[in-house]
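A.B. asks: Residues per chain are reported as follows:
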Amino acid sequence: MDDSQRIVITGVGLTAPNGNNLADFRAALLNGKSGISPYEIRYFGKTLAGVCHFDAAKYQKKKDLRRGTRAGSIAIYCANEAVLDSGIDWSTVDTSQVGVFVGITEHGNVETENEIHNIKQFDYDCSTWSHFHNPRTVANNPAGEITLNLRITGPHYCLGAACAAGNAGVIQGVQMLRLGEVDLALAGGVSESIHTFGIFAAFAAENALARHENPTKASRPFDKNRNGIVISEGGCILTLERFSDAKKRGAKIYGEIAGYAMNSDASDFVLPNPERQAQCMEKALKKAGLEPEQIDLVSTHATATPSGDIQEIAAIRQVFNGSKKTYINNTKSFIGHAMGSVGVLELAGNLPSFSDGVVHPTINCENLDPDCEIDNLVIGTPKSVGNVHYILNNSFGMVGINSVVVVGKVNV
Amino acid sequence: MTGQEIREAVISILSDIAPDENFASMKDEISFRDQFEMDSMDLLDIVLELRKRYRVQIPEEDYPKLDNMNSTVEYLLPLMNP
Chain A
8 MDDSQRIVIT GVGLTAPNGN NLADFRAALL NGKSGISPYE IRYFGKTLAG
58 VCHFDAAKYQ KKKDLRRGTR AGSIAIYCAN EAVLDSGIDW STVDTSQVGV
108 FVGITEHGNV ETENEIHNIK QFDYDCSTWS HFHNPRTVAN NPAGEITLNL
158 RITGPHYCLG AACAAGNAGV IQGVQMLRLG EVDLALAGGV SESIHTFGIF
208 AAFAAENALA RHENPTKASR PFDKNRNGIV ISEGGCILTL ERFSDAKKRG
258 AKIYGEIAGY AMNSDASDFV LPNPERQAQC MEKALKKAGL EPEQIDLVST
308 HATATPSGDI QEIAAIRQVF NGSKKTYINN TKSFIGHAMG SVGVLELAGN
358 LPSFSDGVVH PTINCENLDP DCEIDNLVIG TPKSVGNVHY ILNNSFGMVG
408 INSVVVVGKV NV
Chain B
37 MTGQEIREAV ISILSDIAPD ENFASMKDEI SFRDQFEMDS MDLLDIVLEL
87 RKRYRVQIPE EDYPKLDNMN STVEYLLPLM NP
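Protein sequences appear in the order of chains A and B. The working numbering numbers the first residue of the first sequence as 8 and each following residue consecutively. The working numbering numbers the first residue of the second sequence as 37 and each following residue consecutively.
The set of hints was computed from the structure by calculation and includes no laboratory data. From the three backbone atoms N, C-alpha and C, an ideal C-beta is built for every residue, glycine too. Some hints could be false.
[Claimed, not checked] Taking lysine-lysine and the DSS-like style, the derived pairs with C-alpha atoms no more than 27 Å apart in a straight line are:
| hint | chain 1 | residue 1 | chain 2 | residue 2 |
| --- | --- | --- | --- | --- |
| 1 | A | K224 | A | K254 |
| 2 | A | K416 | A | K331 |
| 3 | A | K53 | A | K224 |
| 4 | B | K88 | A | K70 |
| 5 | A | K70 | B | K63 |
| 6 | A | K332 | A | K231 |
| 7 | B | K63 | A | K331 |
| 8 | A | K294 | A | K331 |
| 9 | A | K68 | B | K88 |
| 10 | A | K259 | A | K65 |
| 11 | A | K68 | B | K63 |
| 12 | A | K70 | B | K101 |
| 13 | B | K63 | B | K88 |
| 14 | A | K416 | A | K293 |
| 15 | A | K390 | A | K224 |
| 16 | A | K69 | A | K255 |
| 17 | A | K70 | A | K127 |
| 18 | A | K127 | B | K88 |
| 19 | A | K69 | B | K63 |
| 20 | A | K231 | A | K390 |
| 21 | A | K255 | A | K332 |
| 22 | A | K127 | A | K290 |
| 23 | A | K254 | A | K127 |
| 24 | A | K294 | A | K127 |
[To be verified] According to the in silico footprint, chain A covers these stretches of chain B (three or more CB under 8 Å from chain A):
| hint | segment |
| --- | --- |
| 25 | 48–56 |
| 26 | 76–87 |
Please model the complete structure; the sequences and the hints are all you need to start from.
C.D. replies: What follows is the structure, given as structure tokens:
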């Protein structure tokens, strides 16, 4: 493939419940540091969540924070950090050629709940409803707030893709670069879902909200006693460039998007479909021109729901059966389910494997569910595996949406 | 409410709306928008906060009267002392 069609990651900006930059996040993943803590939200009450503690005022005025959304704030922090990390001299960038593509699971619920809570104090007088509700709740809000903050005049939009959204944002960035529509993509995903009581109530209603006396142990994919999801907020934006451009400016390169795929289950509102998940992984491998045994690490989507984890392992077995060198891990065990951001956070947290040859583990799996047993699942402690050349990142979402991204190591 | 009390109430609203600004040095005869980084959405915010905090309804044709502190206090005096 021509270098102008090869798309590489040159910057990472993130906030997760256990780290506000890639170095801290990676250190937390290697040191078994969970980001889950007790949490309380109106109406729903006490629960658990992954809360981010980034400095929101680092890139925004107080007024912008008041006007904008939490999702926008997360997006702005991550985008600025990514640009900084990329080493790009922003003052020389033609921002009409920059695209912003942000994956979201949902958007606007936080603001709508806030406004209804507000008008309740005024006996539901709609004249006390905020004029900011429109710009706060349009579906492009988080991406649009990035463009306002960084004065980007190229295209921006969000990709609504349930929990497959982080990968979807990255895939969109790759496609727009390959089409020549943009010269630089800020791509990834965000989630502010912990600020809506509705998501907690909904997962509780599905009997899929995690409970544990020790918050840090609540998110436990593949464990026999897992009892559901821990909801988190988070964000991760990558700077994506053509390999030819990155080489020209001597950029640091984290990896190359070697392949990707998205598909639909077309089978159920909520329940995953392992057959379609396997097809999605196979399509991504085919696009990358790789065989399963060339994948060194599969970053699982597993959320710690009783059935979802079993289904994904079944799909991975189907694709990777017999691949002795493919390791498997999970990041939600540390950070919970950061919804629209989680796919790209999981991808980012594993990128350092290309340089350190270490696979971070899945934690909190004290009694492995026999139905989740699979060769090379890294449990409890990090594993040095030697050279890592390819990582395959799974993200799956409700209403049957699957996304897979394959990232390869780049030797410059 | 006295004119001074209304002035303080407006300052309180402005401080919430534009938290990066310092209103201590405000010149009461000069337009808010000429002194501070404020726009039409901020004006709507002033109207909304007056409605929420003091149940004062301000019709759109009267918005120009909220241009500066002097005109705002003068306009609000009868409305906040019904």
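A.B. asks: Out of the numbered hints, which ones does the structure contradict?
C.D. replies: 1, 7, 16, 21, 22, 23, 24
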